[in-house]
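Undergrad: The primary structure of each chain is shown beneath.
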Amino acid sequence: MASPDFSYGTLGFQDIIVTLDAGVATVLINRAKQRNTFGRVISSELLRVFELFDKDDRVRVVIMTAEPTAPAYCSGADISGGWGGLWKPESEKEGEHAHRDSGGVLTIAILRCRKITIAAVNGHAAGIGMTAMQLPFDLRFVWEGAKLTFPFVRRGIAPESAASFLLPRLLGHSRANSLLLTGEVVDPSSPHLQGLYHKIIPAREDVYPEALAYARELAAQTSQTAVAITKGLLQHPGATIEENHLLDSRALRILGGAGDAAEGARAFKERRPVAFADTLSKNLTSWYPWWTSIDIKHRQSKL
Amino acid sequence: MASPDFSYGTLGFQDIIVTLDAGVATVLINRAKQRNTFGRVISSELLRVFELFDKDDRVRVVIMTAEPTAPAYCSGADISGGWGGLWKPESEKEGEHAHRDSGGVLTIAILRCRKITIAAVNGHAAGIGMTAMQLPFDLRFVWEGAKLTFPFVRRGIAPESAASFLLPRLLGHSRANSLLLTGEVVDPSSPHLQGLYHKIIPAREDVYPEALAYARELAAQTSQTAVAITKGLLQHPGATIEENHLLDSRALRILGGAGDAAEGARAFKERRPVAFADTLSKNLTSWYPWWTSIDIKHRQSKL
Amino acid sequence: MASPDFSYGTLGFQDIIVTLDAGVATVLINRAKQRNTFGRVISSELLRVFELFDKDDRVRVVIMTAEPTAPAYCSGADISGGWGGLWKPESEKEGEHAHRDSGGVLTIAILRCRKITIAAVNGHAAGIGMTAMQLPFDLRFVWEGAKLTFPFVRRGIAPESAASFLLPRLLGHSRANSLLLTGEVVDPSSPHLQGLYHKIIPAREDVYPEALAYARELAAQTSQTAVAITKGLLQHPGATIEENHLLDSRALRILGGAGDAAEGARAFKERRPVAFADTLSKNLTSWYPWWTSIDIKHRQSKL
Numbered sequence: 001m002a003s004p005d006f007s008y009g010t011l012g013f014q015d016i017i018v019t020l021d022a023g024v025a026t027v028l029i030n031r032a033k034q035r036n037t038f039g040r041v042i043s044s045e046l047l048r049v050f051e052l053f054d055k056d057d058r059v060r061v062v063i064m065t066a067e068p069t070a071p072a073y074c075s076g077a078d079i080s081g082g083w084g085g086l087w088k089p090e091s092e093k094e095g096e097h098a099h100r101d102s103g104g105v106l107t108i109a110i111l112r113c114r115k116i117t118i119a120a121v122n123g124h125a126a127g128i129g130m131t132a133m134q135l136p137f138d139l140r141f142v143w144e145g146a147k148l149t150f151p152f153v154r155r156g157i158a159p160e161s162a163a164s165f166l167l168p169r170l171l172g173h174s175r176a177n178s179l180l181l182t183g184e185v186v187d188p189s190s191p192h193l194q195g196l197y198h199k200i201i202p203a204r205e206d207v208y209p210e211a212l213a214y215a216r217e218l219a220a221q222t223s224q225t226a227v228a229i230t231k232g233l234l235q236h237p238g239a240t241i242e243e244n245h246l247l248d249s250r251a252l253r254i255l256g257g258a259g260d261a262a263e264g265a266r267a268f269k270e271r272r273p274v275a276f277a278d279t280l281s282k283n284l285t286s287w288y289p290w291w292t293s294i295d296i297k298h299r300q301s302k303l
Numbered sequence: 001m002a003s004p005d006f007s008y009g010t011l012g013f014q015d016i017i018v019t020l021d022a023g024v025a026t027v028l029i030n031r032a033k034q035r036n037t038f039g040r041v042i043s044s045e046l047l048r049v050f051e052l053f054d055k056d057d058r059v060r061v062v063i064m065t066a067e068p069t070a071p072a073y074c075s076g077a078d079i080s081g082g083w084g085g086l087w088k089p090e091s092e093k094e095g096e097h098a099h100r101d102s103g104g105v106l107t108i109a110i111l112r113c114r115k116i117t118i119a120a121v122n123g124h125a126a127g128i129g130m131t132a133m134q135l136p137f138d139l140r141f142v143w144e145g146a147k148l149t150f151p152f153v154r155r156g157i158a159p160e161s162a163a164s165f166l167l168p169r170l171l172g173h174s175r176a177n178s179l180l181l182t183g184e185v186v187d188p189s190s191p192h193l194q195g196l197y198h199k200i201i202p203a204r205e206d207v208y209p210e211a212l213a214y215a216r217e218l219a220a221q222t223s224q225t226a227v228a229i230t231k232g233l234l235q236h237p238g239a240t241i242e243e244n245h246l247l248d249s250r251a252l253r254i255l256g257g258a259g260d261a262a263e264g265a266r267a268f269k270e271r272r273p274v275a276f277a278d279t280l281s282k283n284l285t286s287w288y289p290w291w292t293s294i295d296i297k298h299r300q301s302k303l
Numbered sequence: 001m002a003s004p005d006f007s008y009g010t011l012g013f014q015d016i017i018v019t020l021d022a023g024v025a026t027v028l029i030n031r032a033k034q035r036n037t038f039g040r041v042i043s044s045e046l047l048r049v050f051e052l053f054d055k056d057d058r059v060r061v062v063i064m065t066a067e068p069t070a071p072a073y074c075s076g077a078d079i080s081g082g083w084g085g086l087w088k089p090e091s092e093k094e095g096e097h098a099h100r101d102s103g104g105v106l107t108i109a110i111l112r113c114r115k116i117t118i119a120a121v122n123g124h125a126a127g128i129g130m131t132a133m134q135l136p137f138d139l140r141f142v143w144e145g146a147k148l149t150f151p152f153v154r155r156g157i158a159p160e161s162a163a164s165f166l167l168p169r170l171l172g173h174s175r176a177n178s179l180l181l182t183g184e185v186v187d188p189s190s191p192h193l194q195g196l197y198h199k200i201i202p203a204r205e206d207v208y209p210e211a212l213a214y215a216r217e218l219a220a221q222t223s224q225t226a227v228a229i230t231k232g233l234l235q236h237p238g239a240t241i242e243e244n245h246l247l248d249s250r251a252l253r254i255l256g257g258a259g260d261a262a263e264g265a266r267a268f269k270e271r272r273p274v275a276f277a278d279t280l281s282k283n284l285t286s287w288y289p290w291w292t293s294i295d296i297k298h299r300q301s302k303l
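Residue numbers (full-length UniProt numbering), protein chains in the order written: chain H, 1 to 303; chain S, 1 to 303; chain Z, 1 to 303.
Just chain H, with the same shape it has in the complex (with noise of 0.2 Å):
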């Protein structure tokens, strides 16, 4: 998908509203009146969206942010039905093991969006509102003022959107233990939240504007094969540092050969702004990804 011709605006969501500026792909959460919460619509909406954005050359950013003035960034789960609402069919026909967290299937997509990403949290943030809704994002932008918890162990339930992963691995697991396990609210200025924010923003307002022209600065300035390929090491570094030499050493080995690179050279040495044509469509390796992506899906995959 070269640089398709459709307009986000054309496809009909009803709980996101997608736009997208200058290689800069803004998902608008639109659900103000039931406090942003996740639920089945919105769920698979950002689903296809998050797709969509990997696999569209046009996109080179994307970010997730809410009205200001809406109750939350994302208040967490719709659990107006209980539980028992979250579950998939298939679990209550053949057994515990058959479901999926729809959390957990979005945290894995947005993961492997080969664009940077980017959550704007413009207002408070709980359970999934912290995790597949903040933890899978490249960049976290936050709202000094923001409330935040992992009420997980307070509600008699799992951590979901495999947060009990990425959060470790994120921040170490001293800080993972003080959120998961206590389900304290806290401030983005808390101890145990160091290091989770690019950025930490007095007035509510400004976070997605501060967002955006940071996004527009990397849009212009960054090489998307070179983001594909840096998220493919981060996320997928091989199990010892030798065998990552061995990737990040054919890694170079490839770019070095294509235009972005050669580019990227020449405006250092006439010191003048980049102009990257590389897309992932066009000049990503046939060797990427070079590890085995797994599937998730029941019957496709079991521990």
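I should point out that these hints are in silico values taken from the structure, not numbers from a laboratory.
Honestly, I wouldn't trust all of these hints.
One copy or two, it doesn't matter: identical chains are merged, so the pair holds either way.
[Stated by the list, open to error] Derived DSSO-like pairs (lysine-lysine); straight-line CA-CA distance at most 27 Å:
| hint | residue 1 | residue 2 |
| --- | --- | --- |
| 1 | Lys93 | Lys282 |
| 2 | Lys93 | Lys297 |
| 3 | Lys147 | Lys33 |
| 4 | Lys269 | Lys33 |
| 5 | Lys199 | Lys147 |
| 6 | Lys269 | Lys147 |
Keeping the supplied structure of chain H fixed, place chains S and Z upon it in accordance with the hints.
TA: Using the frame of chain H, we list chains S and Z on its own:
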């Protein structure tokens, strides 16, 4: 062991004093005359009591602490008889591979305790006072005046109690290197310790009371089964994010059908405190543990 | 190589100046006219000298630094001839999989050096100046005015020198993403770098003297064998905590029977400074290394 009726005060411990109140068990290190050093007796008593805490439904949170008037929280291993006093007899007979470090045995037992564990470090700590007596706990409270050190390279010995495994996981390798390879004495506010302590407390005598108030709140507000499953997911998250997603999906499905999760959702809806009733002995899924536990006893284990 | 009698000053290096005094070896980067860029000569000289440091019993601590008047600590790879100048000839003949990044080769050699290693970053650093010239070191000292950047995505190239493996291990994935996926220029006080530097020093000309004073203290107070074993445990900790427990138990048992540990216990008891005499060539256990070293040379290794 649903809710046994023995009192911890009757178990005849020598080097520790154990009490239980309102779901919170407290272990007081009781060797002030020996500067709270770690020796054979305290080692076996702690091992026994953490195995009891794990099984005793009455226990929801465990705190370990010392008298705030003691010379130290724990000043290290008792090497008054040289290092030789620490060797297991097997290693003398069968060779160095047969030795099992008692700090490591205790560390693994504390990690395997399925309740929330808190080290209330109200005094100086060195060596095993930093490792087995702190690192395997879920949360650490500390007195801001404590002098803290991992002195192994300055004693000609290796880091023990699996510190070379736990410290990088808790804080990352950069801080672990700064601590383990220099043996420097640091304060809780040192940049090398950032993230290790859940809370730093100005007055030494306030460390235990603050930890206790926090523990009581956790005991009242958290689900015993959700805590056990969350600890399991953090310690055994699966090798990949996809595997973690399968594990937490199953955990969500199992817990979501049980009493505590239903109570958690109802209490949230009704805006009232939770009243969790599920216990490990009655309500923990038979799927737990989903991993194979490794026996570390000599002859049951080898590399 | 017990204590060889050669002087590092006689080895005929061109791009580095190497001295040894009181157990501390200093490597001075000597390419100020080329902005201390990284090229073929310095690469092979550093590779050689770190292999010597590893084996030379006289060396207990290694410092790498630059003239504080140089334009930079290391301003990156020398790409005056484009990226092509960096490829190994094998990769031209045999394909991209045959390339071995020279920064990665050096990184692995520095990690394998069994002495304490310190990067004294007394100037700006970019690209390989941040990766191979800093990340594999045990400790990093830095000038607070240094401008630091991992610019790879802005040059159209992949992160090199195993940075995609090392940086997340050192600081966690959140900070590694913030650094590697944005290519931002940051100060040592940036939140994205917290934990990376052992010490941040106000005056540029004080960085090396402070590192040297610290290194001399470490050289006098630490055991060569305990340092080597500790580095081994940190880099090869075993796959599980149980495996780590077996490894550190054996390490404790081995070291505890040797000279340095006995001296460490005696000095502690007698409240006097230690006088460690054990050396790697004479006293390191034949059990070391307990892992299989992986050969990264082309044809000896493949994925």
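Undergrad: So, for every hint listed, does it hold in this structure?
TA: Now the hints, each set against the structure:
With identical chains, the CA atoms of Lys93 and Lys282 are at most 27 Å apart between copies only, with a shortest distance of 25 Å across copies and 44 Å within one. Proximity of Lys93 and Lys297 under a CA criterion of 27 Å is satisfied intra-copy only: 16 Å inside one chain copy versus 43 Å between copies. Within a single copy, Lys147 and Lys33 get their C-alpha atoms as close as 19 Å, which meets the 27 Å cut-off; across copies the closest is 46 Å, which misses it. Proximity of Lys269 and Lys33 under a CA criterion of 27 Å is satisfied inter-copy only: 17 Å between copies versus 53 Å inside one chain copy.
Both within a single protomer and between protomers do Lys199 and Lys147 lie at most 27 Å apart by alpha-carbon distance, with minima of 16 Å and 19 Å respectively. For the identical chains of this complex, Lys269 and Lys147 are inter-copy neighbours only, at 19 Å across copies versus 47 Å inside a copy, given an alpha-carbon limit of 27 Å.
Figure legend: structure checked against the earlier numbered hints; every hint is met.
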